[in-house]
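Participant: These are the residues of each chain, in order.
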Amino acid sequence: MTEIRLEKLCFSYDPAVPILKDIDLVIDKPELVCILGANGAGKSTLMHCINKLSIPTSGDVYLDGKNLKEFHLKDLAKIISFVPHQEETTFSMSVLDTVLMGRIPHSGNLMSSDDIRIAAENIKLLEMQDFAMHNFDELSAGQHQKVMIARSLTQEPKVMLLDEPTANLDVKYQMLVMRMLRDVAKIKGITVITICHDLNVTAMYADRVVMLYNKGIYADGTVAEVLTKENIELLYGIGCQVMEVQGRPHIALLDGDELDSHIGDNYQSLNGGSEVTDE
Amino acid sequence: MLKKKGKDIVSSDEDVTRMYTSYRTSRSKKLLAIIILFVILIAASLYGLTVGSYPISFQEVYEILLKRLSDLWAAIGSVDERVVWNQRMPRLLTAIVAGAGLAVAGAAMQSMMKNPLADPYTTGISSGASFGAVIAIAFGIAIGTLETGTTILAFVFALVPAAVIILLSTFKKTSPSMMILAGLSVMYIFNAMTQYMMLVVDSETMEAAYQWTIGTLNKASWSTLPIMAGVTIVGVFAIMCMTKYLNAMNSGDNYAKTVGVNVGRIRIFILVLVSIIAAGIVSFTGIIGFVGLVAPHITRIFLGSDNKLLIPGSMLVGAIVMVACDIVAKSFTTVALPIGIVTSFIGGPVFLFLIIRQKKEIW
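Chains A and B, in that order, are what the protein sequence lines are.
Residues in the first sequence are numbered from 148 upward in steps of one, following our numbering.
Residues in the second sequence are numbered from 2 upward in steps of one, following our numbering.
Next up, chain A with everything else stripped away, as it sits in the complex (with noise of 0.2 Å):
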């Protein structure tokens, strides 16, 4: 288990524009926990912090009271691993010999029997096994999502972060993948923290949500305690439902008048200049 701290964490690109301001999070349990926002809150750069790919205009971050600052990004890669939102390969390997890159931390140039061991196991784990020898190029989105994921969990990392990765799979994977997460969280003692824009898969998988709002921590807790009628409604400003299914919230979306806002001019005039209406 890896405690992660962030302190004071701020980020911007101009400093007139700040995107995360003041951050304090401690996360110290090895739990599926959800990150919530909306577009452009700062999710995946408050995650780019954790693992180095962005440094922090100030703050800073601990692993295991140590600063990142004094991490190698090779000893860091031990630590943490990364799923991207997208794959951006060029030249498409086989799906065996993408997830054994999981393994570059950990050996030299070859790769030991081990390793192929270690990454055969996360292929079948993700249900790949008959995909194993075809080309990542020849995959559906979904299927390079899995792929993305295996490759991680072959890092064998203490903390997976991961930037949407439901964001190309249909209901079910979304449902299995989010449910796996959290079950390695749980048996692995992995730290797992993903970006997730389903509230309900959220709501149904995760162990602790945090929800990030005008470039600080509006709300962070299980998910009875931050997915509220009121948090989703200041979060997203949409209407919503919130009930109770197998013990856990379910959020119903509403369309309401709190969209026009959002709606411009263009689109208003496809409705030849009218309001957009039901009827």
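Worth flagging that the hints you see were computed from the coordinates, not collected in a lab.
On a predicted model such as this, the values are computed, not experimentally measured, just so you know.
All C-beta atoms, glycine included, are put in the ideal place defined by N, C-alpha and C.
The reader is advised that the hints may include incorrect statements.
As the list claims (entries may be wrong) - DEER-style ranges, computed between Cβ atoms:
(1) B/Ile356 x A/Met280: 24 to 30 Å
(2) B/Ile142 x A/Ser260: 42 to 48 Å
(3) B/Leu353 x A/Ile202: 40 to 46 Å
Stated by the list, open to error - From chain B, some residues computed to sit far from chain A (all C-beta separations above 10 Å):
(4) Ser29
(5) Leu169
(6) Ala209
(7) Gly348
Said to hold, decoys possible - DMTMM-like mimics (lysine to aspartate or glutamate), calculated; alpha carbons at most 20 Å apart, straight line:
(8) A/Lys168 x A/Glu154
(9) B/Lys309 x A/Asp262
(10) A/Lys271 x B/Asp254
(11) B/Lys115 x A/Glu154
(12) A/Lys155 x A/Glu178
(13) B/Lys309 x A/Asp261
(14) B/Lys173 x A/Asp161
(15) A/Lys225 x B/Asp254
(16) A/Lys168 x A/Asp330
(17) A/Lys271 x A/Asp345
Fit chain B to the given chain A structure using the hints.
Facilitator: Same frame as chain A, now just chain B:
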């Protein structure tokens, strides 16, 4: 339970064992392909030694070769022996070294820059080398001899674009696109200066400078080979040690960083290696186009994109392409054509074919 049996691994999980076996089988097949490429290179080389304007039979060539190999320092007797050992052999080895070096440099550049059009010349190496050579020829800069002066200046100026990119990287983060664009900028500047030089020199100097810019193996000799081969072998070996970093960088800078790759430093290091390899070759042979671009793409067809196999595979394919092009260059005219013309003439259509047959839209 999993247990090891020598190099093999046995798992109670059938799927894991199946994947493991498939992976090992696939690797074995690719290693076999590399061995076959090596055999093809040997065969092409042996045939290449028999081709030339001076008629020497197959049997004579191999008798001379065996005699020389049994006693490397024996005095050269006949004209045949001189032609085979002092002309064709260094020419062949120069072709192999140049092809292998340029292809490895191309493969490394393409993976590092995530760009299928990248080759050793994308960063402006060729234009730098041309300018250096033209300066030496135009001003008669002799370091020992004019030829040595030309080679040294070509080498030095070929490294200038890399130096510019490294200098830029101290002020700004170097992305692959930025490196290519900086290389192109330097290339245009060098081209403009070269063209200006060509305008102001006399016609004889202009012809000599022009001749240099067309890649040729006609000047290959035992004296130039060790430097060229030495630089190439060291550079290729260093790149081979960095194949896992190249694989990671092919998945994007952010991902590469998260598996511990210091992307900025590795990119600069590879750029320097590629520049030294290419400069070491072109300063002796002149500009040889397309090998660095096409050989890695041909190799990917049957070895895939894993740089651990792609780099050695490209090395062999590059060498084969050069030896084959040299055979063509020597076959059609009494005086061998400059190989730069042949590689471009054959490489162009081959590249066009590769573009048409591509499965993924990477261009």
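Participant: Take the hints in turn and mark each one as holding or not.
Facilitator: Hints, verified against the model:
1. B/Ile356 x A/Met280: 24 to 30 Å: holds, 26 Å
2. B/Ile142 x A/Ser260: 42 to 48 Å: violated, 57 Å
3. B/Leu353 x A/Ile202: 40 to 46 Å: Hint holds: Cβ distance 45 Å, inside 40 to 46 Å.
4. Ser29: holds, 13 Å
5. Leu169: Its Cβ never comes within 10 Å of chain A, the nearest being 20 Å, so this holds.
6. Ala209: The claim holds: B/Ala209 sits with its nearest Cβ about 41 Å from chain A, beyond 10 Å.
7. Gly348: Given that every Cβ of chain A is farther than 10 Å from that of B/Gly348, nearest at about 19 Å, it holds.
8. A/Lys168 x A/Glu154: holds, 10 Å
9. B/Lys309 x A/Asp262: Holds, because 16 Å separates the two Cα atoms, which is no more than 20 Å.
10. A/Lys271 x B/Asp254: violated, 27 Å
11. B/Lys115 x A/Glu154: violated, 37 Å
12. A/Lys155 x A/Glu178: Not satisfied, since the Cα-Cα distance of roughly 23 Å exceeds 20 Å.
13. B/Lys309 x A/Asp261: holds, 18 Å
14. B/Lys173 x A/Asp161: Given pair B/Lys173, A/Asp161 holds - Cα atoms ~16 Å apart, limit 20 Å.
15. A/Lys225 x B/Asp254: Between A/Lys225 and B/Asp254 the Cα gap is close to 18 Å, so the pair holds against 20 Å.
16. A/Lys168 x A/Asp330: Outside the cut-off at roughly 32 Å; violated.
17. A/Lys271 x A/Asp345: Outside the cut-off at roughly 26 Å; violated.
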